[in-house]
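Novice: Chains Z, G and B are the protein sequences, given in the same order.
Numbering of the first sequence is given in my numbering, commencing with residue 1 and proceeding in unit increments.
Numbering of the second sequence is given in my numbering, commencing with residue 1 and proceeding in unit increments.
Numbering of the third sequence is given in my numbering, commencing with residue 1 and proceeding in unit increments.
Hints were generated in silico from the structure; no laboratory data involved.
In this text the structure is predicted, and so the values were computed from the model without any measurement.
All residues carry an ideal CB built from backbone N, CA and C; glycine is no exception.
Each hint should be verified, as a subset may be incorrect.
Here are the simulated DSSO-like cross-link-like pairs (lysine-lysine), alpha carbons at most 27 Å apart as the crow flies [what the hints assert, rightly or not]:
hint : chain 1 : residue 1 : chain 2 : residue 2
1    : Z       : 136       : G       : 252
2    : G       : 42        : G       : 316
3    : Z       : 42        : G       : 42
4    : G       : 134       : G       : 303
5    : G       : 63        : G       : 109
6    : Z       : 136       : G       : 27
7    : Z       : 136       : G       : 316
8    : Z       : 136       : G       : 256
9    : G       : 323       : G       : 108
10   : G       : 252       : G       : 99
11   : Z       : 195       : B       : 93
12   : G       : 27        : G       : 42
13   : B       : 93        : G       : 323
14   : G       : 27        : G       : 303
15   : G       : 303       : G       : 104
16   : G       : 63        : G       : 303
17   : G       : 71        : G       : 316
18   : G       : 99        : G       : 293
19   : G       : 261       : G       : 108
20   : G       : 323       : G       : 99
21   : G       : 131       : B       : 93
22   : G       : 104       : G       : 256
23   : Z       : 42        : G       : 127
24   : G       : 177       : G       : 42
25   : G       : 303       : G       : 53
26   : G       : 252       : G       : 42
27   : G       : 55        : G       : 323
28   : G       : 303       : Z       : 136
29   : G       : 261       : Z       : 136
30   : G       : 53        : Z       : 136
So these bits of chain G aren't anywhere near chain Z, every CB distance computed over 10 Å [said to hold, decoys possible]:
hint : residue
31   : 63
32   : 64
33   : 67
34   : 79
35   : 103
36   : 181
37   : 251
Read off the chains here:
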Amino acid sequence: MTPRRVNTESWPVRLLLCVLALGFLFFFLGLPLLSVFVEAFKQGFGPYFEALCDADTRSAITLTLVIAVMVLPLNILFGLSAAWAIARFDFRGKSLLITLIDLPFAVSPVVAGLLFILIFGRQGFLGDWLGAHDIKIIFALPGMVLATMFVTVPYIARELIPLMQAQGRDEEEAAVSLGASGLQMFWRVTLPNIKWGLLYGVILANARAMGEFGAVSVVSGHIRGMTNTLPLHVEILYNEYNSVGAFAAASVLALLALVTLVAKTIVEWRMAREIAMLSADLSIENPAVAAKS
Amino acid sequence: MQIHFRHAAAAVALLLGLAGAAQAEQKELLNVSYDVARDVFKDYNPRFITAWKAKTGETLQVKQSHGGSSKQVRAVADGLEADVVTMNQPTDVSFLADKGLVAKDWNKKFPNDASPYTSTMIFIVRKGNPKGIKDWPDLIRDGVTVTIPHPKNTGNGRNTYLAAWGWALRQPGGNDKTAAAYVGAFLRHVPAFAPAGRDATTNFIQRGQGDVLITFESEAELIAREFGHGGFDVVYPSQSLLTEFPVAVVDKVVDKHGTRKEAQAYLEYLWSKDGQENAAQNYLRPHDPEVFKKYADHFPPIKTFTVAEVFGSWEKAFTTHFKDGGSFDQIYQVK
Amino acid sequence: MTNSRKHRVLPGFGLSLGFALVYLSLLVLLPLAGLVAHGVHMSFADFWATATTPRTLASYRVTFGCALLAALVNAFFGLIVAWVLVRYDFPGKRFIDALVDLPFALPTAVAGITLTTLYANTGWVGSLLVPLGIQIAFKPAGIVVALIFIGIPFVVRTVQPVIEDIEQEIEEAAATLGATRWQTFRRVLFPALAPALLTGFTLAFSRAIGEYGSVIFIAGNMPMVSEITPLMIISKLEQYDTQGAIVLALVMLVISFVLLLAINLLQWYAANRHTQRHSERKPA
């Protein structure tokens, strides 16, 4: 991309860093991914696609996507709010707030599920009331969405906070002092600045929302074709000695994670095109388009 | 972006709601079961549905839920609306009885302590049995390692533990002390505890861990289907534990759903010829002598003992051995 | 504090903080408060006895020790990976970039199963290590491997956007002023990356503390040696002992909270010193 400048490492250092980085990724990521696909295709393509066409597997894929779609918008909103408050203002108890945002990470997924059982379960705080009104929270979609929301709380916020802190507030202050409204400032200044961090956050939260096992497992009820998400379905297939089915389903999750690659590439490509257009015609002024896609 | 998502979510919620409404018309049962029960009920459900339709003209739908046995009953206690539970540990059903969801005398509601079929714990060894393992004492010989799932946290592991304990107790001169000594020695030959039965199998077959895998007789067939027949040998020890698969109607739920008649019939049918055959085809030992005879080649003779015979009851066995501070914990206490 | 008033020229403080607090309260604080309320149905002596049996104490050591080790490994390699992914070009870079998110999307059980297969003595990696006398699967080392796997994205993804944001002119300036590359890294780049790196480390660490699904397959789960606290919680639940499970969950929660708060305060303190020096140099 940019021509080599003075500010780069000497080639042995570059080589060493590359070898370290790629070696690390190979042993800890590449090989596991490879072995998922090896297991999934152990009996060839036929059984692989048969496994994916199974009605229970398809319903598990749908359910997983539905949960992700319901969780992400709220999480984005929360991440932006929390990061804005924390990175742009000073207030007492900021470290405490950040710690609270981190906390869902440290809560064991099993315990996270248990939390919602203690509230909404038959023997929980709201159990009697929910039972009397025949409202199902746990062992149904709402409970699974809640559990997923819980485990994904920190992702976007924690992605944005260090980035926004590093960027400082000068640009936004300038925009406001030039008379921009809050929304204008957000769309024209903040969002373009944080778009990469936001994108990474969304990618991470999305991957985690789709892959979450422990917490969802506790509140799901494991009803085949109804409340089994893809990760839960993987486990049950594996336990039934159907490892082709299990790893085929797992490979779908891996592919869904890799789909983010496509998303990122598209965003980058549109960005590049836009910059080209901007430099060609300075009167075009619409930096928010790329971020909205 | 956010607006798009919200629309999509609303649409999806609407769809789910409609689907829920459409399904409410048909009577349906939820059978909450342990994690390898699928093969049994995959074949059993259609058999029952056909028989029920022939008898009453009613079309039933049976939903299945599978997972770790204790985890499943906890979910039922917390509000998972199971019409029936079909488990692999009597303590799990007793837990539901304690919570008032299942009749206190649930094991008297059906024959054979409400266990429609049984199995037993057997040994799986490497092809040709290179270490010459024949019985329980061979497991504590030098250089023999054993693969089992966690004895405290899994049904499979608990059954194995009780089988080993029961065998030692029933030897000439056997008492609690000799049994504890044997089981202690036995556990020292287990280098790692798998989190579940399935993982113990993988450790043994695919990862070459251990000379012996101890598991349910019924699971040996599943292992063969997944990893190929003839990859290993099955060894029947001189004696082993008879394992039960208790079933129960969840009173609270069937009363709410109005499905008591169907739920009761669903479980009763497990004792019919048809139900017993289905069990035998899945390598679970049927109670019906005729069916047993027909599938005798699935079930080599073995002397078995029940938990009730050796330990008094499952509750007692559970408290003595698996509760915190029980015999399992004592074996691992730091000296 | 007078400083903060001035910065309130920016809009949306009340709205953003308010929404964030409501969201957090409903989703995190309320359920956790429920846990606390539930957990105190026993005397303190019983609570203490449950929380400090020798096996439980051993499991705290295993859990926090392995999590710390894994987070340190992740911080070191994560920084290098992020740097290489942002600054260097090589074929397949995009694919590798996407690969980094894999540990989140792959269900933890699948991760555990595949890692165990790879690192068992018969596995692709394990069989290479056997001649060296190293055994990873079914040992505490296996726990660290699993925790490294699940923590990879945190450091990489927190550091990456910050590296992308660094203006290379600063490095050029340093180089022009005669700094060696190492000096530039230590004096200019590292201070800029440190907060993000610490964040990534914290996240990887805290995620590792609670992790269950991927660890149990590879851990061996031997009492006193390779049992993690989440497994002890499961064990309690398998005994239908919800109270005991809640006790352990609370203990873990408190320890994690204190550790996280300490790290975040440290970071806040460091950042503040940084800003103060910054504002001394360039009074606004």
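Novice: For each hint, tell me whether it holds in the structure or not.
Specialist: Each hint tested on the structure:
Taking the CA atoms of residue 136(Z) and residue 252(G), the gap is near 16 Å; set against the 27 Å cutoff, the hint holds. With a C-alpha separation of about 34 Å, the suggested pairing of residue 42(G) with residue 316(G) is violated against the 27 Å cut-off. For a cut-off of 27 Å, the pair hint linking residue 42(Z) to residue 42(G) stands: about 25 Å separates their Cα positions. Annotation: proposed proximity of residue 134(G) to residue 303(G) holds, straight-line Cα distance about 14 Å (limit 27 Å).
About 23 Å separates the Cα atoms of residue 63(G) and residue 109(G), which keeps this hinted pair within 27 Å; it holds. At most 27 Å may separate the alpha-carbon atoms for a hinted pair to count; residue 136(Z) and residue 27(G) meet this at roughly 19 Å. A C-alpha spacing of about 36 Å is found between residue 136(Z) and residue 316(G), which places the hinted pair above 27 Å, so the restraint is violated. As the CA atoms of residue 136(Z) and residue 256(G) are separated by approximately 14 Å, the hinted pair is consistent with the 27 Å bound.
Between the alpha carbons of residue 323(G) and residue 108(G) the distance comes to roughly 26 Å, so the proposed pair stays at or under 27 Å and holds. Restraint check: the Cα-Cα separation between residue 252(G) and residue 99(G) comes to about 11 Å, which is no more than 27 Å; the hinted pair holds. Distance restraint check for residue 195(Z) and residue 93(B): the Cα-Cα separation of roughly 20 Å lies within the 27 Å cut-off, and the hinted pair is therefore satisfied. At most 27 Å may separate the alpha-carbon atoms for a hinted pair to count; residue 27(G) and residue 42(G) meet this at roughly 19 Å.
For the given pair, residue 93(B) sits about 52 Å from residue 323(G) by alpha-carbon distance, which is inconsistent with the 27 Å threshold. Distance hint between residue 27(G) and residue 303(G) is unfulfilled; the C-alpha atoms sit about 43 Å from each other, more than 27 Å. The straight-line distance between the Cα atoms of residue 303(G) and residue 104(G) is roughly 31 Å, outside the 27 Å bound, and the hint therefore fails. Between residue 63(G) and residue 303(G), the direct Cα distance comes to roughly 37 Å. Violation of the 27 Å bound is thereby established for this hinted pair.
Among the hinted pairs, residue 71(G) with residue 316(G) is consistent with the structure: their alpha-carbon atoms are about 21 Å apart, no more than 27 Å. Simply put, residue 99(G) and residue 293(G) have alpha-carbon atoms about 40 Å apart, too far for the 27 Å limit, and the pair is violated. Annotation: proposed proximity of residue 261(G) to residue 108(G) holds, straight-line Cα distance about 18 Å (limit 27 Å). The straight-line distance between the Cα atoms of residue 323(G) and residue 99(G) is roughly 19 Å, inside the 27 Å bound, and the hint therefore holds.
A distance of roughly 51 Å separates the Cα atoms of residue 131(G) and residue 93(B); the hinted pair therefore is violated under the 27 Å criterion. For the suggested pair residue 104(G) and residue 256(G), the alpha carbons sit about 19 Å apart, so the restraint of at most 27 Å is met. Straight-line distance between C-alpha atoms of residue 42(Z) and residue 127(G) comes to about 22 Å, which keeps the hinted pair within the 27 Å bound. Straight-line distance between C-alpha atoms of residue 177(G) and residue 42(G) comes to about 44 Å, which puts the hinted pair past the 27 Å bound.
Distance hint between residue 303(G) and residue 53(G) is unfulfilled; the C-alpha atoms sit about 40 Å from each other, more than 27 Å. Of the supplied pair hints, the one linking residue 252(G) and residue 42(G) holds, its CA atoms being roughly 26 Å apart against a limit of 27 Å. Under the criterion of a C-alpha separation no larger than 27 Å, the hint pairing residue 55(G) with residue 323(G) is inconsistent with the structure, at around 46 Å. Among the hinted pairs, residue 303(G) with residue 136(Z) is inconsistent with the structure: their alpha-carbon atoms are about 48 Å apart, more than 27 Å.
Between residue 261(G) and residue 136(Z) the alpha-carbon distance is near 24 Å, which keeps this suggested pair within the 27 Å criterion. About 30 Å separates the Cα atoms of residue 53(G) and residue 136(Z), which puts this hinted pair outside 27 Å; it is violated. Its beta-carbon lying about 5 Å from the closest one in chain Z, residue 63(G) breaks the requirement of being farther than 10 Å from that chain. Residue 64(G), annotated as away from the interface, has a beta carbon of chain Z within 10 Å; the closest lies near 5 Å.
Look at residue 67(G): its CB is around 5 Å from the nearest CB on chain Z, not clear of 10 Å, so calling it non-interface is violated. Distance check for residue 79(G) against chain Z: the nearest CB is about 4 Å away, which does not clear 10 Å, and the non-interface claim fails. With a closest Cβ-Cβ approach of about 18 Å to chain Z, residue 103(G) is found to remain outside the 10 Å limit, as its non-interface label requires. The beta carbon of residue 181(G) sits about 34 Å from the closest Cβ of chain Z, which is more than 10 Å, so the claim that it is off the interface holds.
Distance check for residue 251(G) against chain Z: the nearest CB is about 14 Å away, which clears 10 Å, and the non-interface claim stands.
Hint compliance for this structure: hints 2, 7, 13, 14, 15, 16, 18, 21, 24, 25, 27, 28, 30, 31, 32, 33 and 34 are not met, and every other hint is.
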